[in-house]
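A.B. asks: These protein sequences, in sequence, are chains F and B. Position 174, counted from 1, in the first sequence is what the working numbering calls 174; the numbers after and before it change by one each time, with no gaps. Position 388, counted from 1, in the second sequence is what the working numbering calls 388; the numbers after and before it change by one each time, with no gaps.
Heads up, a few of these hints could be off.
Any copy will do: because identical chains look the same in the list, a pair fits if it lies in one copy or spans two.
Cross-link-like lysine-lysine pairs, in silico, DSSO-like; alpha carbons within 27 Å at most [stated by the list, open to error]:
| # | residue 1 | residue 2 |
| --- | --- | --- |
| 1 | Lys165 | Lys404 |
| 2 | Lys425 | Lys35 |
| 3 | Lys220 | Lys287 |
| 4 | Lys425 | Lys5 |
| 5 | Lys20 | Lys425 |
| 6 | Lys20 | Lys159 |
| 7 | Lys44 | Lys26 |
| 8 | Lys165 | Lys206 |
| 9 | Lys135 | Lys26 |
| 10 | Lys159 | Lys26 |
| 11 | Lys265 | Lys85 |
| 12 | Lys20 | Lys430 |
| 13 | Lys29 | Lys410 |
| 14 | Lys165 | Lys83 |
To be clear, the hints were calculated from the coordinates, so they are not data collected in a lab. Remember, predicted model here, so these are calculated numbers, not experimental data.
2 protein chains.
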Amino acid sequence: MLLIKNGTLVTMNKSFDVLKGDLLIKDNKIIQISKNIPTPEGAKTIDASNQFVLPGLIQSHVHLCQTLYRGFADDLPLLDWLKNKIWPMEHNHTENSIKASADLSILEMNLLGTTSILDMASVRNTHALLESVEKSGIRYWGGKCFMDYKDYSGPLYEKTSETLKETEELIKYWHKKNDLINYALCPRFVVSCTEEILIESRELQKQYDLIIHTHASENKDEVDIVIKRTGLRNISYLDKINLLNKQSAIAHCIHLDEHEISLMKNSQANILHCPSSNLKLASGIAKIEQYINNGLRVSIGADGAPCNNNLDPFMEMRLCALLQKPIFGSEALCAQKALEIGTLGGAMALGMENQLGQLSEGFLADVITIDRSHPSVYTVQNPYSAIVYSCSGRDVTNTIINGKLVVKNKSHQVFDEESVKQSAKLELDKMIRRIEN
Amino acid sequence: MLLIKNGTLVTMNKSFDVLKGDLLIKDNKIIQISKNIPTPEGAKTIDASNQFVLPGLIQSHVHLCQTLYRGFADDLPLLDWLKNKIWPMEHNHTENSIKASADLSILEMNLLGTTSILDMASVRNTHALLESVEKSGIRYWGGKCFMDYKDYSGPLYEKTSETLKETEELIKYWHKKNDLINYALCPRFVVSCTEEILIESRELQKQYDLIIHTHASENKDEVDIVIKRTGLRNISYLDKINLLNKQSAIAHCIHLDEHEISLMKNSQANILHCPSSNLKLASGIAKIEQYINNGLRVSIGADGAPCNNNLDPFMEMRLCALLQKPIFGSEALCAQKALEIGTLGGAMALGMENQLGQLSEGFLADVITIDRSHPSVYTVQNPYSAIVYSCSGRDVTNTIINGKLVVKNKSHQVFDEESVKQSAKLELDKMIRRIEN
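Hey, can you work out the whole structure from these sequences and the hints?
C.D. replies: Okay, here's the thing in structure tokens:
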């Protein structure tokens with residue numbers, strides 16, 4: 001058992017209770033939240049006197065396989081960035097390099113307070129990547145990326161039949177292999193996919209009860225390609241082929257018309273908002289305030305490290321709030337709403353809103369603690385303001401996933417940080433040599 | 001003497017050299033930069049093997065007097081924020097509370113890599129604030145705020161003659177009292193100032209060779225008030241009364257027309273860009289890429305803590321770059337340019353471009369070191385990308401101002417961090433009680 005004592009518990013429960021008290025974890029569940037819980041015999045304890053305690057943050061759109069390329073693909077627009085940098089780099093992965101990339105990503109995300117992710121892997125080496133994920137102990141949804149539309153897949157092109165065959169094998173091997181690993185279907189985006197594989201994705205979704213994770217309407221040129229090919233805007237096309245439902249997780253959704261907003265609402269499909277990435281790739285600013293006021297489901301992610309260049313959910317929550325204000329006014333998207341997006345919103349995107357995203361008895365024990373003693377934070381009384389506007393991921397001290405203390409006092413308990421960083425550098429150097437040759 | 005060894009020196013000099021090597025400080029100057037400098041007898045050394053070494057960051061627009069109100073004035077537009085929150089709070093300062101506010105601000109800024117600031121104090125208690133500044137050892141420009149236009153100054157209104165009288169006393173006592181303290185004239189903004197005091201500011205500027213530090217064109221309603229009162233847009237009006245020159249430091253400048261951009265260019269007046277604050281107060285996004293391409297002088301600042309809510313120059317540099325991209329394309333405002341704005345741009349705003357803002361022999365020894373071992377940073381090869389896009393202010397390890405080690409291995413050497421934070425909280429509590437009574 002694990003007892004977190006004397007914290008400021010920012011529960012994110014239905015009544016948004018903020019309590020000064022204790023939280024008790026048994027096995028993988030939160031079993032008690034109250035003042036002065038007596039320490040059970042043999043329980044480990046964490047003193048959270050100067051800490052916020054909150055549900056682990058959920059990033060609903062990341063690419064573990066891209067993290068090695070951070071800083072190697074700056075200052076490019078989306079389609080050039082993909083074709084000239086990201087796809088050639090993904091193409092040059094080996095099993096070792098993709099493992100190094102995944103390890104570095106998960107290390108960073110756990111240290112910065114992320115407990116659950118929805119990932120899009122690359123076309124190849126998915127098995128190796130998932131082995132890294134399994135070792136790490138992060139709560140994971142994700143899978144192999146589909147790119148079977150030859151003219152828009154570059155070196156990552158793969159035949160539809162091969163993709164489907166490997167996908168079924170991966171699902172059978174990996175989906176719910178343990179408490180933490182969940183397979184997700186990942187057609188990259190309409191531009192890189194045949195209609196056949198998109199429709200097959202829907203069939204696999206039904207057959208295995210899986211999330212479909214894709215990108216849409218990130219960039220105006222991308223939308224134009226989809227219109228040219230299908231006669232429809234991006235979200236309208238996904239609706240036409242029955243790909244919108246509450247297990248659809250769609251990154252970006254910046255360029256939606258009113259009809260598409262209503263399609264997203266009626267289908268309960270999830271928007272995966274990535275504010276830093278949307279700025280850095282010059283994609284635009286998604287109108288999140290409008291989406292939320294329309295009842296759309298919104299969660300948050302850092303996207304790939306090369307388009308951010310961090311995997312810090314605190315940066316994304318802060319930007320998520322700040323970017324709406326010049327568009328909709330200073331009252332738009334307050335700090336509490338941004339934290340909702342980073343917790344409850346993510347839980348909804350994963351279909352886990354009854355088990356994740358809040359500190360409540362009976363919920364899964366994904367919990368983080370944040371030091372509130374930095375001079376940037378110390379005097380702030382409103383916890384939402386402190387967490388969203390003033391804290392950094394660097395202030396996270398403990399990260400608990402499924403009841404297990406993965407980061408203890410800023411030190412990762414599963415990974416040896418030094419060796420993960422060194423092997424990432426080594427694999428990066430080898431990859432650069434492979435690309436140059 | 002102080003020798004920084006084996007760092008990655010990001011010099012920001014004229015040829016933008018990045019060197020692996022050593023940097024030697026004697027008294028308050030950088031006296032040598034090269035590989036393998038032998039340790040002079042009695043010199044202190046800093047091992048910067050895994051660190052970036054760069055010129056201290058310069059924030060050209062801050063309000064030390066506002067830091068206690070962080071988190072107490074969220075989600076409001078500029079004019080409401082000022083009238084309903086900031087002015088009543090500034091009005092309720094005592095000498096003790098303004099000192100506590102200044103101490104907390106300087107502690108935070110030094111820890112996060114800021115070595116020079118251009119500050120705007122409040123209307124009252126300036127002497128007390130400057131006493132705190134003097135003790136701290138930060139490199140400072142700033143002074144008493146002018147608010148003599150009765151209908152737009154709230155409780156901070158002061159008669160023109162009184163303002164001018166106190167200002168001359170403050171200049172005589174404080175300006176160049178030591179190497180680090182420089183007085184600056186601070187008419188708050190046209191809205192709160194009579195034409196008389198603006199013109200008198202120009203006279204005092206000439207007489208004492210001072211920077212004039214003000215706000216302009218932050219908010220559309222503010223611009224409308226200026227047009228209504230003067231018949232001119234904000235910058236055009238400042239030009240008409242001869243307030244634009246290279247010692248003019250003008251915060252925000254978001255809403256400028258083409259004529260005003262040319263006025264800023266021809267006068268060499270300095271734009272003090274505050275991207276987080278401009279988002280949070282819903283003011284807008286200044287077109288920095290256009291300004292730079294037109295040859296305008298741009299520097300950066302966090303503005304007041306209640307409209308940010310951090311005083312972290314790394315956040316501002318990252319946002320400065322990212323926000324331009326959706327407007328001007330992904331190539332706009334690259335990382336190197338953002339770091340220029342945070343160093344050389346600030347030095348220009350202070351008239352110190354021949355002494356500050358770069359690591360060069362003979363320059364003043366304002367230097368910071370940044371740990372590059374965080375998993376978010378470790379594998380990034382391009383130093384500008386690493387510093388601007390991936391580092392956090394939390395990664396700063398050492399801060400040297402005027403040759404003196406102010407922050408050593410993340411620990412402040414002048415302030416006792418705990419007592420600064422506790423006295424800030426105490427003074428904040430007292431202030432809240434004063435406001436409520």
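A.B. asks: Against each hint, give a clear statement of whether it holds in the structure.
C.D. replies: Here's how the hints hold up against the structure:
1. For a Cα distance limit of 27 Å, the shortest separation of lysine 165 from lysine 404 qualifies neither inside one copy, at 35 Å, nor across copies, at 65 Å.
2. Taking the closest pair of Cα atoms, lysine 425 and lysine 35 come within 27 Å of each other only across two copies (25 Å); inside a single copy the shortest separation is 46 Å, beyond that limit.
3. Within a single copy, lysine 220 and lysine 287 get their C-alpha atoms as close as 15 Å, and across copies as close as 21 Å, so both meet the 27 Å cut-off.
4. In this assembly of identical chains, the alpha carbons of lysine 425 and lysine 5 lie at most 27 Å apart only when taken from different copies (23 Å versus 39 Å within one copy).
5. Taking the shortest Cα distances, lysine 20 and lysine 425 sit within 27 Å of each other only across copies (19 Å), while inside one copy they are farther apart (43 Å).
6. Taking CA atoms no more than 27 Å apart as the test, lysine 20 paired with lysine 159 passes in neither setting, with 56 Å inside one copy and 48 Å between copies.
7. For the homomeric pair lysine 44 and lysine 26, the shortest alpha-carbon distance inside one copy (11 Å) is at most 27 Å, but the shortest distance between copies (51 Å) is not.
8. Within a single copy, lysine 165 and lysine 206 get their C-alpha atoms as close as 17 Å, which meets the 27 Å cut-off; across copies the closest is 79 Å, which misses it.
9. Taking CA atoms no more than 27 Å apart as the test, lysine 135 paired with lysine 26 passes inside one copy only; the shortest distance there is 22 Å, against 51 Å between copies.
10. Taking identical chains as interchangeable, the C-alpha atoms of lysine 159 and lysine 26 are never at most 27 Å apart, the minima being 47 Å within one chain and 66 Å between chains.
11. Taking the closest pair of Cα atoms, lysine 265 and lysine 85 never come within 27 Å of each other, the shortest separation being 35 Å inside a single copy and 38 Å across copies.
12. In this assembly of identical chains, lysine 20 and lysine 430 lie within 27 Å of each other by CA distance solely across copies; the values are 23 Å between and 50 Å within a copy.
13. In this homomeric assembly, lysine 29 and lysine 410 come within 27 Å of each other (Cα to Cα) only inside a single copy, at 22 Å, whereas the closest approach across copies is 37 Å.
14. For a Cα distance limit of 27 Å, the shortest separation of lysine 165 from lysine 83 inside one copy, 26 Å, qualifies, whereas the shortest one across copies, 65 Å, does not.
Hint check: violations occur at hints 1, 6, 10 and 11; the rest are consistent with the structure.
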